[in-house]
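Number of protein chains: 2
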Amino acid sequence: MNDHTLILENVGKHISLSEEEKDYFVSLLYAKDFQRKEYLQREGSNSNHFTFITQGCVKSYLLDKRGEERILTIAPVDWWVVDYMSFVFEKPGNLFIQAIADTSTLVLTKEKRQDLLRKVPQFEQYFRVLTERAFAVSQQRITDILSLTAAERFEKFCIQYPSLTGTLSQQQIASFIGVTPAFLSRMLKSKRK
Amino acid sequence: MNDHTLILENVGKHISLSEEEKDYFVSLLYAKDFQRKEYLQREGSNSNHFTFITQGCVKSYLLDKRGEERILTIAPVDWWVVDYMSFVFEKPGNLFIQAIADTSTLVLTKEKRQDLLRKVPQFEQYFRVLTERAFAVSQQRITDILSLTAAERFEKFCIQYPSLTGTLSQQQIASFIGVTPAFLSRMLKSKRK
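Protein sequence lines correspond, in order, to chains E and Y.
The first sequence runs 16 to 208 under our numbering.
The second sequence runs 16 to 208 under our numbering.
If we strip away everything but chain E, and leave its shape as in the complex, we get:
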């Protein structure tokens, strides 16, 4: 699979492009690799790009009032990761985005995305659908945290991200589902019995 097969397949699920449009789209992207634990973005910086994960996995998180890591998003292969707050309002973000495995990405800057939307307006539809889905998933996560028990959230996590249960540490899974690592560890032990 060459570098652009995956992203073109992803786009192709939503819109139909000519070969010329595909070539133009991929000409706007640049590749960037990150080692495990390397930061794609740090709190306080301006985020002016969409990043597509072609290999590996990243998490976005922020530090809560006690300085503890709270994971907002986990983006595995075939997902985009974006700091919407910073991207949309053009101000420094308060998210960290960090690779949790060796990760390869394709980056589309805000400027290039504007060019793309102007020249190939079909991408309006692609990004609309993408954002509506991402927003729905994010709202679902908030309501899960408020309305499901920790055990139910863990079950749901395993179903939703089967490939991640091996990649993420227990600490990361605990942060994502909104429990302490100690609580998750006790829960897993009691399930094994």
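Careful: at least some of the hints might be erroneous.
Copies of one chain are not kept apart here, so a pair can be met inside one copy or by any two copies together.
Calculated cross-link-like contacts (lysine to aspartate or glutamate; reagent style EDC-like; alpha-carbon spacing at most 20 Å) [said to hold, decoys possible]:
{"#": "1", "residue 1": "Lys28", "residue 2": "Glu105"}
{"#": "2", "residue 1": "Lys171", "residue 2": "Asp79"}
{"#": "3", "residue 1": "Lys80", "residue 2": "Glu167"}
Just so you know, these hints were derived from the structure itself, not from any lab.
Dock chain Y against the given chain E, drawing on the hints supplied.
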């Protein structure tokens, strides 16, 4: 101001439409009024529409594990309210949407929105921008709850929604900024001293 002036102004901030396109757009909407405390949607129902607020104000909330109301969104005049989870994934939602003042709305069903997007593709841009902003505001709220003190969140609320401090009850404001009503009441008393 007639029924459609506000919504056309809202759309006009993002895209330019011909008179014919404007007429077509408003022909797809229907008006619906709600008395204070009336429900636009209840938990368990399928949400298949976007609702634009022309008068009044609504809140969306869910009941947490203890059966307490947790406000997700407050939509004043000139905002859309949508249960994205239910709308996007076409399954019963777990949100209540309720009028917190006598409210007038314009409704665009999913089906009509599909017609609109097909016939006037510029609306792809409108809904893309709308969703990116709504998503950014929602992410900002999560990070505010995690990283700001209750007093800072209250200050921010007063700046962001100046017109709402008179409309909402203390209990609703407390739920929105993520504190107990007793805590908000103590905080307000100590500010008045």
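Each hint tested on the structure:
For the identical chains of this complex, lysine 28 and glutamate 105 are inter-copy neighbours only, at 18 Å across copies versus 30 Å inside a copy, given an alpha-carbon limit of 20 Å. For the identical chains of this complex, lysine 171 and aspartate 79 are inter-copy neighbours only, at 17 Å across copies versus 24 Å inside a copy, given an alpha-carbon limit of 20 Å. When the C-alpha separation of lysine 80 and glutamate 167 is checked against a cutoff of 20 Å, the pair qualifies only between copies, where the shortest distance is 12 Å, while the shortest distance within a copy is 26 Å.
Of the numbered hints stated above, none is contradicted by the structure.
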